[in-house]
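Enquirer: Assemble the whole structure, with the sequences as input and the hints as a guide.
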Amino acid sequence: MPTSQPTLAPLRVAGLTKSYDGTTVVADLDLEIMPGKIHALLGENGAGKSTLIKMLSGLVTADSGHLTTDREVSPPRTVKQAQRLGIVALPQELSLVPTMNATDNIALGQRVGIRAGIVSAGRQRQYAERQLARLNQTIPMTVPVRELSPVQQTMIAIGRALSQDARYLILDEPTAALTDQEAQQLFGVLRQLRDDGVAILYVSHRLEEVFALCDTATVMRNGTIVATKAISEWTQDAVVSAMIGRDQNTLYPERESRPGPQVLTVEGVDGFRLRDINLRVDAGSVLGIAGLAGAGRSELMRIIAGAQRPRSGRIGVAGTTLRTGSVTRAMRAGIALAPEERRSQGLVLGHTIRENVSIGNLGAVSRYGLVTKARERAITTQQTAALQVKARSSEQPVEQLSGGNQQKVVLAKYLAQLPKVLLLDEPTRGIDIGTKAEIYSLIRRLASDGVAVVVVSSEIPELIGVCDRIAVLNEGRLVAQVAADGATDDLILNYCYGRHQS
Amino acid sequence: ESDSSSGTSKSISVLTPYLGNAATKDVIDKFKAEGKKRGWDVNVTDTAGDFNKLNSAFQDAVAQKPAAIVLGSGDPTQISLGLKSAKAAGIPVFAIDAAPADGITANVTSDNADLGKKSAEEMVKLLGGKGSIVMLTHDPHPGVKARTEAAKKVFDKAGIKIIASKHVNVPGPVEDARNSVQDLLTSDAGKFTGIWGGWDEPALGATQALLAANVSNVQVVGVDGQDFAIAEIDKGGPFKATIKQDWSAIAAKTADLIAAYLKDKETPDPQEVEIPGVLYEGKQ
Amino acid sequence: MTPTSMETVTEAPEGAPPSTYAMRRSAALARLRASGTLIGFAALIVVFGILRPELFLKTGNFFNILEQVAVLAIVASLQTVVMIVGDFDLSVGTLASLVGVVTATLLHGGMPVIPAILIGLAVGVAAGVLNGFLVAYVGLSAFIATLATMTAFGGLALLIANGTTIFGLPESFVAIGQDKLGPIAIPVIIAVVVAALVWFITTKTTAGRRWYALGGNAEAARLSGVRVRRSRLYAFVLCAVGASVAGIVLSARLASAHPSAGDPMMLTSIAAVFLGMTMVRTGQANLLGTLVGIGILGVLQNGLNMLHVNDYVQQVLTGAIIVVAVAMSRIGKSRT
Amino acid sequence: MTPTSMETVTEAPEGAPPSTYAMRRSAALARLRASGTLIGFAALIVVFGILRPELFLKTGNFFNILEQVAVLAIVASLQTVVMIVGDFDLSVGTLASLVGVVTATLLHGGMPVIPAILIGLAVGVAAGVLNGFLVAYVGLSAFIATLATMTAFGGLALLIANGTTIFGLPESFVAIGQDKLGPIAIPVIIAVVVAALVWFITTKTTAGRRWYALGGNAEAARLSGVRVRRSRLYAFVLCAVGASVAGIVLSARLASAHPSAGDPMMLTSIAAVFLGMTMVRTGQANLLGTLVGIGILGVLQNGLNMLHVNDYVQQVLTGAIIVVAVAMSRIGKSRT
Ligand SMILES: Nc1ncnc2c1ncn2[C@@H]1O[C@H](COP(=O)(O)OP(=O)(O)OP(=O)(O)O)[C@@H](O)[C@H]1O
Ligand SMILES: Nc1ncnc2c1ncn2[C@@H]1O[C@H](COP(=O)(O)OP(=O)(O)OP(=O)(O)O)[C@@H](O)[C@H]1O
Ligand SMILES: [Mg+2]
Ligand SMILES: [Mg+2]
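Residue numbers (this note's numbering), protein chains in the order written: chain A, 3 to 504; chain B, 178 to 461; chain C, 1318 to 1653; chain D, 1318 to 1653.
Hints may be right or wrong, so weigh each one.
Unchecked claim - List time: in silico EDC-like cross-link candidates among lysine to aspartate or glutamate, alpha-carbon distance up to 20 Å:
{"no.": "1", "chain 1": "A", "residue 1": "82", "chain 2": "A", "residue 2": "167"}
{"no.": "2", "chain 1": "A", "residue 1": "422", "chain 2": "A", "residue 2": "198"}
{"no.": "3", "chain 1": "B", "residue 1": "264", "chain 2": "C", "residue 2": "1496"}
{"no.": "4", "chain 1": "B", "residue 1": "421", "chain 2": "B", "residue 2": "279"}
{"no.": "5", "chain 1": "B", "residue 1": "412", "chain 2": "D", "residue 2": "1371"}
{"no.": "6", "chain 1": "B", "residue 1": "368", "chain 2": "B", "residue 2": "279"}
{"no.": "7", "chain 1": "B", "residue 1": "302", "chain 2": "B", "residue 2": "291"}
{"no.": "8", "chain 1": "B", "residue 1": "187", "chain 2": "C", "residue 2": "1371"}
{"no.": "9", "chain 1": "A", "residue 1": "231", "chain 2": "A", "residue 2": "32"}
{"no.": "10", "chain 1": "B", "residue 1": "442", "chain 2": "B", "residue 2": "227"}
{"no.": "11", "chain 1": "A", "residue 1": "422", "chain 2": "A", "residue 2": "451"}
{"no.": "12", "chain 1": "D", "residue 1": "1375", "chain 2": "B", "residue 2": "365"}
{"no.": "13", "chain 1": "B", "residue 1": "329", "chain 2": "B", "residue 2": "288"}
{"no.": "14", "chain 1": "B", "residue 1": "368", "chain 2": "D", "residue 2": "1536"}
{"no.": "15", "chain 1": "A", "residue 1": "39", "chain 2": "A", "residue 2": "269"}
{"no.": "16", "chain 1": "B", "residue 1": "261", "chain 2": "C", "residue 2": "1488"}
{"no.": "17", "chain 1": "B", "residue 1": "421", "chain 2": "B", "residue 2": "443"}
{"no.": "18", "chain 1": "B", "residue 1": "187", "chain 2": "B", "residue 2": "443"}
{"no.": "19", "chain 1": "B", "residue 1": "213", "chain 2": "B", "residue 2": "433"}
{"no.": "20", "chain 1": "A", "residue 1": "231", "chain 2": "A", "residue 2": "211"}
{"no.": "21", "chain 1": "B", "residue 1": "242", "chain 2": "C", "residue 2": "1371"}
{"no.": "22", "chain 1": "B", "residue 1": "421", "chain 2": "B", "residue 2": "291"}
{"no.": "23", "chain 1": "A", "residue 1": "82", "chain 2": "D", "residue 2": "1536"}
{"no.": "24", "chain 1": "C", "residue 1": "1521", "chain 2": "A", "residue 2": "167"}
{"no.": "25", "chain 1": "B", "residue 1": "261", "chain 2": "C", "residue 2": "1371"}
{"no.": "26", "chain 1": "B", "residue 1": "334", "chain 2": "B", "residue 2": "291"}
{"no.": "27", "chain 1": "B", "residue 1": "242", "chain 2": "B", "residue 2": "218"}
{"no.": "28", "chain 1": "B", "residue 1": "264", "chain 2": "C", "residue 2": "1536"}
{"no.": "29", "chain 1": "B", "residue 1": "264", "chain 2": "B", "residue 2": "423"}
{"no.": "30", "chain 1": "B", "residue 1": "214", "chain 2": "B", "residue 2": "411"}
{"no.": "31", "chain 1": "B", "residue 1": "412", "chain 2": "D", "residue 2": "1536"}
{"no.": "32", "chain 1": "B", "residue 1": "302", "chain 2": "B", "residue 2": "449"}
{"no.": "33", "chain 1": "B", "residue 1": "329", "chain 2": "B", "residue 2": "298"}
{"no.": "34", "chain 1": "A", "residue 1": "39", "chain 2": "A", "residue 2": "217"}
{"no.": "35", "chain 1": "B", "residue 1": "307", "chain 2": "B", "residue 2": "365"}
{"no.": "36", "chain 1": "B", "residue 1": "294", "chain 2": "B", "residue 2": "449"}
As the list claims (entries may be wrong) - Examples of chain B residues toward chain D, derived with CB under 10 Å:
{"no.": "37", "residue": "196"}
{"no.": "38", "residue": "197"}
{"no.": "39", "residue": "201"}
{"no.": "40", "residue": "202"}
FYI, nobody ran anything at the bench for these hints, they're computed from the structure. All C-beta atoms, glycine included, are put in the ideal place defined by N, C-alpha and C.
Expert: Below you can see the structure in the form of structure tokens.
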């Protein structure tokens, strides 16, 4: 552990600049990260946070600028170079090798359990388990990580980043996929590392946790720094207005429910994890689904949307029974599911925003099987405007967008379907606080237009803020349904843990 | 054209699908030498077994207006298009080791039926007029097919039983024949005493399988008379004989016919010239 | 206002591009890179044109090249479809041979031309359904499935033809492969029609969109409502139909059917598509790129023939030139 | 906390997941599926064994099969490495031919055996560096790069051999391909050593881990500090060395070198690896799977020969049986 290094130099960044195709994304940026401090980096989607981090960690090469640690160096050009400077980053987009198991992912690129180029699988596994134990995780160690849940994958990625003896540890939205409990686990480890003298740069869109965890906060806007202050000198409102350049009204919209007829019926659904799920959602209402990681929330969404076949049970839409197991059929019946994993499930990364939106709306953008570009543009523009997608044009490939903006494109695709039942699995993951408010009011607006909305989220306050009712899953069973109005974090959380069975 | 002014330099295009085949390469090299002697400019184009490309090669050649085109060993039924374009441009086509066809001025060849017959007769002789054999064949090649058919007739007449007729894959015929014969030595051990190869490469593969299995009572005969076959026969092993095609004579005869044609447009008669093969059964 | 020129999509709809000289220059560079392969192609033509202007640059030779690549272009155009979906079809070569042999056998047996061709095409459709079923529904990898059917189709062709060439086909059939409309051979016209159709389907229709999405991210496509398996099946069926048309045209052109006549088209058709894939930013298969790929292969062969390069050397040069032509598309490109 | 997957059942006993039974059952099913191809292989042996027990099941025949597949197994073992990385190498066949020809030419010219072999191997290393450089550093797709070098190597082999067979190689060289150690042919021993080495490197060393990481997600590998390009280059070099060893052994076995003797190994080596990929859950290339793939191909050909199946029918059956063998691995598997 880095405790062996008594005094660490701060990491100073000077004049760091990056442009893509003539567009400056990070402009002449100066920043100082102090050892023994957790430093928050905040900013709206597309502000340039991830780009900055990628430059520090050798994933993209800066156009200009330099770094100073013990001495002045040019920005790293490879991950190895960054590691030699003591910089280790956990990137925003999970970067595990999907076909490898947890052990191999954690040990990859490290010198643990290797003698003369030969790997000792046993020692690597012990090592990997130790790393995960620090996060209080027991994760199957012999399964390819692509078969694990997003939370488990995140935990593995964090475990690996923590294990790399970083002097400067950079985390890009590590908690985006975590529930509060797992986040707390992570914070414990981060505080420990801070006390050991590690300098930590921490990016997040969850302001509460930033205020709870960090010592300093920097706000970025459009590739430059707006302000850096000690956390005690910031208020949430000040952060938000620095981020978006204006004052933010309330985060959560007014809730005026006018429930219509029942649209979605889930009866006795059994799945891989799910046991006997019964649910009903009315037109014009918003149902939240809470649960711990692996509780089966995503599975429920996937089964309703036809992406996965239930073992038994019935799904009804507007009075008719849906034949399960086909996304296309579910879509025809008016169900849309915005999936939780934007990169692997939501987007064709090399394709443009327009193409990504229209692949989910081929019926609407075509006539006699011929695609009409004008309609594509119209639909794309309408949705991306509502969601404030920040991009050069709708012809920009989505792989070039910031994480949050990619998430918005996923939402745009499914919103454009004008569904009767809209299923949103972690819709605000990685989305900045300004746009979150927009998405919440959008959800309410859709509801008041008569759409039945189901929101899965790991942020309980968010569920309480936007939903009418909240259903809680625990190990595949539906353990409670409560009205959101008047519900508290603690109450929901207790249900999530399966306590409090009243 | 530039070359007509010199009077002596004529351009001849040789087109072949089989330059990868040693025998074809041999006769074409010999023809090139003959051409050089006569002051011709001989160009060779190979299409590596691709007949669609061979037709294209005819078109490309015709565009360059050579004095004559030589088809080096290829089934003319598949190149009617190429032959047509040559005919339309008034360029004569001479064939080596092919077959007579419309558009071919003359075909000089070993008589494949004769090669098959002679090799089979040698086999019958080696077996003392009785026994059973294996044939290694490749029907998609018309020359080898003609040999096979002629050989079969001889065997049938002599009362030699053909217990298996194996199709040999190309490329890699030596290895393929070797494996096939190895399998036959297991499945039909002792049931055959002769192996007839449609050309020398499978015969070589068969020989190696026999040597590796220490089988000494099976005789091998090939066709073509390639160098490696001659060398193998000289060793006195199972490979007993091959029928040499007289490539020098074939190349020289073709060059003669072309020269005569170029001199006074004399169309050869007959249009099919067959040069007999010569038995090779080792150094005397 | 801001140092960046990023804007919300809708705030700058189709209007003036947000930025400046620098951006335009680098966009031009990107376009140049994308067309690197095209430049390679042009360079080939220039070099051959300079070396043998009197032969290579003649119109007659141009039509020759077109005629020479026509059959391959048909196969490659539809191979493009399968490769858009992210698979490839190794069976196209032997399928072309098989369909050629089937059609020729029927014609030889006295069947009129139209029904013989239709039966040939039906064999092709069946073969495509088999390939598509194995890949899309059984879930085999395209390589192993089409390698297996490639082997089987080749065996069938040999069986039906009894290992040998079928010739003596009716004039009216041979005309399909050998007649001309003015200076243009019928196979060229067929190839142009096929390529135009494929271009239209892949770029203008919902089917094309589905294929591209499928090839880009099959899971995302499925969750967007694309019937992934059906879509993939169609791609294989179309590809097989293309191979069958090519097989028929080829046997008409050769006035005979040989049980392995079409085999060499497998590798070359895939090579043409791969060459074309270097021409677009996404690196996905695309019809125009495939046609340039076909052009490169055709010009290369014709040009080297015109130069009387020794055949073995020609083979070495072909390999080297392909590398150079494709490497052009990588100029200045940073790490992958 | 919440163990989710099947393997946890034993590892996290305290968590008592809800459906232990279902999980265990499905784990067994998964294992069955993974070994589907192995079952296919076993079924082949059983069927041939029943049909021709007196021939097929003899030890002698077993050694025959080993001998017949030995050279191919060398190529396929190292093709596995390139395919672990997610690419493939089409040039192995012509490279084997080229190295065979080079070595034979040198031997024929009177060079002693050891230096001739070393020079042959050096040619292979150079070829592998070329392939690896084009793919890893220039960034060409493996298909197009190795297709180009395949063509070039084939041309070189023809050039050097002057298109013909080189024979008359020294006894001490031929021994490498033809001698036996007890009942076991030397090529078999070489193949076993090569396969064991490849197994060791791919499963036990950091180099192997890097290759698997690279093939699983190159970007993630890069992020973990793997030198992606160098690692990929090494894979191609190793593969080329394998092809060269195979080329040398093949020419020793045939006591002669033919400029296209190794060519057929390209497709079959890739096929063997693909067959083996069906045997693991991740669907990645793996040495043991490749060996089973080789086994399937070898047994199939030998068995059909024993049954005296007509060669053309044999080809059709080979295709069909491969499909069935691989399809076994998909039993009950839902859509991809
Ligand atoms: N490869 C690229 N090509 C072009 N533009 C890019 C590329 N990568 C990033 N950008 C642009 O740079 C800007 C900054 O992106 P970045 O990912 O740094 O944002 P961010 O602050 O991390 O946002 P988020 O909170 O959404 O993750 C975005 O507008 C994005 O479109
Ligand atoms: N068809 C299936 N095969 C194997 N495992 C499955 C299948 N369906 C679900 N699972 C497993 O069941 C668990 C529940 O998954 P689900 O994605 O629904 O959880 P979640 O409540 O959404 O939590 P998360 O926050 O991890 O997304 C996961 O661990 C997942 O791996
Ligand atoms: Mg980001
Ligand atoms: Mg989930």
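Enquirer: Next step is simple, just say for each hint if it's right about the structure.
Expert: Verification of the hints:
1. 82(A) to 167(A): Answer holds: residue 82(A) to residue 167(A) is near 13 Å, not above 20 Å.
2. 422(A) to 198(A): Violated: residue 422(A) and residue 198(A) sit about 53 Å apart, past 20 Å.
3. 264(B) to 1496(C): Given pair residue 264(B), residue 1496(C) holds - Cα atoms ~15 Å apart, limit 20 Å.
4. 421(B) to 279(B): violated (29 Å)
5. 412(B) to 1371(D): violated (35 Å)
6. 368(B) to 279(B): Not satisfied, since the Cα-Cα distance of roughly 46 Å exceeds 20 Å.
7. 302(B) to 291(B): holds (16 Å)
8. 187(B) to 1371(C): Holds, at roughly 18 Å.
9. 231(A) to 32(A): holds (14 Å)
10. 442(B) to 227(B): violated (32 Å)
11. 422(A) to 451(A): Status holds; Cα separation ~10 Å.
12. 1375(D) to 365(B): The given pair, whose Cα atoms are some 14 Å apart, holds under the 20 Å limit.
13. 329(B) to 288(B): This hinted pair holds, its Cα atoms lying about 16 Å apart.
14. 368(B) to 1536(D): violated (61 Å)
15. 39(A) to 269(A): Violated, at roughly 51 Å.
16. 261(B) to 1488(C): holds (14 Å)
17. 421(B) to 443(B): Violated, at about 30 Å.
18. 187(B) to 443(B): holds (17 Å)
19. 213(B) to 433(B): holds (13 Å)
20. 231(A) to 211(A): The hint holds at about 17 Å.
21. 242(B) to 1371(C): holds (12 Å)
22. 421(B) to 291(B): It holds: about 11 Å lies between the C-alpha atoms, which stays within 20 Å.
23. 82(A) to 1536(D): With Cα atoms ~14 Å apart, residue 82(A) and residue 1536(D) stay inside 20 Å; holds.
24. 1521(C) to 167(A): violated (53 Å)
25. 261(B) to 1371(C): violated (23 Å)
26. 334(B) to 291(B): Answer holds: residue 334(B) to residue 291(B) is near 16 Å, not above 20 Å.
27. 242(B) to 218(B): Between residue 242(B) and residue 218(B) the Cα gap is close to 13 Å, so the pair holds against 20 Å.
28. 264(B) to 1536(C): violated (58 Å)
29. 264(B) to 423(B): violated (29 Å)
30. 214(B) to 411(B): With a Cα-Cα distance of about 33 Å, the restraint between residue 214(B) and residue 411(B) is violated, given a limit of 20 Å.
31. 412(B) to 1536(D): violated (60 Å)
32. 302(B) to 449(B): Not OK: residue 302(B) and residue 449(B) at ~30 Å, beyond 20 Å, violated.
33. 329(B) to 298(B): Holds - the C-alpha atoms of residue 298(B) and residue 329(B) are around 10 Å apart, at most 20 Å.
34. 39(A) to 217(A): Satisfied, since the Cα-Cα distance of roughly 6 Å is no more than 20 Å.
35. 307(B) to 365(B): With Cα atoms ~17 Å apart, residue 307(B) and residue 365(B) stay inside 20 Å; holds.
36. 294(B) to 449(B): With a Cα-Cα distance of about 19 Å, the restraint between residue 294(B) and residue 449(B) holds, given a limit of 20 Å.
37. 196: holds (6 Å)
38. 197: Holds - the Cβ of residue 197(B) comes within 10 Å of chain D, reaching about 6 Å at its closest.
39. 201: holds (9 Å)
40. 202: Holds, because the Cβ-Cβ distance from residue 202(B) to chain D comes to roughly 4 Å (cut-off 10 Å).
Going down the numbered hints, you'll see the structure goes against 2, 4, 5, 6, 10, 14, 15, 17, 24, 25, 28, 29, 30, 31 and 32, while the others check out.
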